[in-house]
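Asks: The chain contents come next:
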Amino acid sequence: MTAPHSTDALIIGAGPVGLFAVFELGLLDIKAHVIDILPKIGGQCAELYPEKPIYDIPGFPSVTGQALIDNLKAQIEPFSPQFHLSEMVVSVQSLGTAEAPLFRVTTDADTVFETKTLIIAAGGGSFQPKKPPIPGIEAFEDTSVFYAVRRMEALRGRKILIVGGGDSALDWTLNLQPIAERVTLMHRRDEFRAAPHSVEQMRALAAAGDIDLRIGQVSGLKGEGGVLSAALCRDASGQDFEVECDAMLPFFGLTMKLGPIADWGLSVHENLIPVDTEKFETSTPGIFAIGDINSYPGKLKLILSGFHEGALAAQRVHRYVYPEKRLTFQYTTSSSSLQKKLGIV
Amino acid sequence: MAKIQFIDFQGTARTVEAEPGSTVMEAAIRNGIPGIEAECGGACACATCHVYVNEAWVEAVGAPSSMEEDMLDFAYDIRPNSRLSCQIRVEAGLDGLIVHTPERQA
Numbered sequence: 001m002t003a004p005h006s007t008d009a010l011i012i013g014a015g016p017v018g019l020f021a022v023f024e025l026g027l028l029d030i031k032a033h034v035i036d037i038l039p040k041i042g043g044q045c046a047e048l049y050p051e052k053p054i055y056d057i058p059g060f061p062s063v064t065g066q067a068l069i070d071n072l073k074a075q076i077e078p079f080s081p082q083f084h085l086s087e088m089v090v091s092v093q094s095l096g097t098a099e100a101p102l103f104r105v106t107t108d109a110d111t112v113f114e115t116k117t118l119i120i121a122a123g124g125g126s127f128q129p130k131k132p133p134i135p136g137i138e139a140f141e142d143t144s145v146f147y148a149v150r151r152m153e154a155l156r157g158r159k160i161l162i163v164g165g166g167d168s169a170l171d172w173t174l175n176l177q178p179i180a181e182r183v184t185l186m187h188r189r190d191e192f193r194a195a196p197h198s199v200e201q202m203r204a205l206a207a208a209g210d211i212d213l214r215i216g217q218v219s220g221l222k223g224e225g226g227v228l229s230a231a232l233c234r235d236a237s238g239q240d241f242e243v244e245c246d247a248m249l250p251f252f253g254l255t256m257k258l259g260p261i262a263d264w265g266l267s268v269h270e271n272l273i274p275v276d277t278e279k280f281e282t283s284t285p286g287i288f289a290i291g292d293i294n295s296y297p298g299k300l301k302l303i304l305s306g307f308h309e310g311a312l313a314a315q316r317v318h319r320y321v322y323p324e325k326r327l328t329f330q331y332t333t334s335s336s337s338l339q340k341k342l343g344i345v
Numbered sequence: 346m347a348k349i350q351f352i353d354f355q356g357t358a359r360t361v362e363a364e365p366g367s368t369v370m371e372a373a374i375r376n377g378i379p380g381i382e383a384e385c386g387g388a389c390a391c392a393t394c395h396v397y398v399n400e401a402w403v404e405a406v407g408a409p410s411s412m413e414e415d416m417l418d419f420a421y422d423i424r425p426n427s428r429l430s431c432q433i434r435v436e437a438g439l440d441g442l443i444v445h446t447p448e449r450q451a
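These protein sequence lines map, in sequence, to chains S and Y. Under this note's numbering, the residue at position 299 of the first sequence is numbered 299, and the numbers go up by one with no gaps. Under this note's numbering, the residue at position 97 of the second sequence is numbered 442, and the numbers go up by one with no gaps.
Since the hints were derived computationally from the structure, they do not count as laboratory data. Values in this document were obtained by computation on a predicted structure and should not be read as measured data. Heads up, some of the hints might be wrong.
Far from chain Y, by Cβ distances over 10 Å, these chain S residues were calculated [claimed, not checked]:
id	residue
1	Gly124
2	Gly136
3	Glu191
4	Ala204
5	Leu213
6	Gln330
Output of the computed footprint for chain Y on chain S, the stretches with three or more beta carbons under 8 Å from beta carbons of chain Y [as the list claims (entries may be wrong)]:
id	stretch
7	48–56
8	109–116
9	156–167
Note that beta-carbon positions come from the ideal geometry of N, C-alpha and C, so glycine has one too.
Working from the sequences, and respecting the hints, build out all of it.
Replies: Structure (structure tokens):
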């Protein structure tokens, strides 16, 4: 474990609202770290609808999800936020008081932060792998069934069944084939939406007999004590067959789950975090929630609402970070001090 | 207006009115039909508005596009009559349509 990052503000979620919070905090001289479970910034905009136009961002008659994120990234560059991607916050411990909050925040990669304020901008929650509807699959998870490959070596010499037809399934088929005893790729149909080059390589391996390609769906698992011995499968015509395997990697995309946020001692109502509408602070002083994840009377789940919420939360964050300083309201159009921060003058 | 019936996995049926030109997903969300999440808001990007088209209606509804097929790969408990309801456009010929919602979306 490395020394904790000491910071004034820690933002959970690198979606549009989390990114814009960096800007509003930056104008008030507050540096932020940003954590996201995805390997890239942008949240839902980048993961769910990068190509889809959004029509209700003020000033943009039409902007795609990805273009909005690219613009936000450029906008916050002057404040050089530090991103911690592919990490999920697992615990939040309060070390301070209501007047002088301090939190110790730990991620699943053992990164530790000591932050005065925490801003939860986690949207619909964290993106997590979808689990296939296979009875009893839980008993095999982490021993024989893995939804992500953290360490390839753990799969060396094993008989691996990879399920799915997208880039993850194809990439891991190609990457694991050289070190596995045997790789079987199973998909519900004989068409793959992965990169054409990967599909070609996979077809070549299958034609050469170096992997098995099976068309069907997994309906059950065989094994004992968490150790998998075979998957029970069914093809499109209803024919049952078995695939011998001691490891299974299902790749069925991502879904959003509130995840560990529920355990941080905040009041949570129907998977949303109630906040006030002056500071967008949660039931715990120093912890804020902005964007789709919060709730208050009249809440609209719009990106523009999240921007507004970030601006107001930043004002309160300033009081925690600089309790002695008086905050004067300024405009970026006319304030030379703001323009200096933005690198314009 | 066209009538659409949603039957949940426990057999409870709910009938709603849908405007021609809208999608079956929109009709579900507008009427608070449980079991349709539509996380991505109709972009064919999340597979959380998955339905099973009633056997009698499979032909009238038609087959999914290849983009929808790709996204169906991510749906939970996929069957031959699986469709994403955001990709089914309501038209006069679908008046009386029956779809079944799955036990869960993800």
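Asks: If a hint holds in the structure, say so; if it does not, say that too.
Replies: So, going through the hints one by one against the coordinates:
| no. | hint | in the structure |
| --- | --- | --- |
| 1 | Gly124 | 7 Å, violated |
| 2 | Gly136 | 15 Å, holds |
| 3 | Glu191 | 7 Å, violated |
| 4 | Ala204 | 22 Å, holds |
| 5 | Leu213 | 15 Å, holds |
| 6 | Gln330 | 36 Å, holds |
| 7 | 48–56 | holds (count 3) |
| 8 | 109–116 | violated (count 0) |
| 9 | 156–167 | holds (count 3) |
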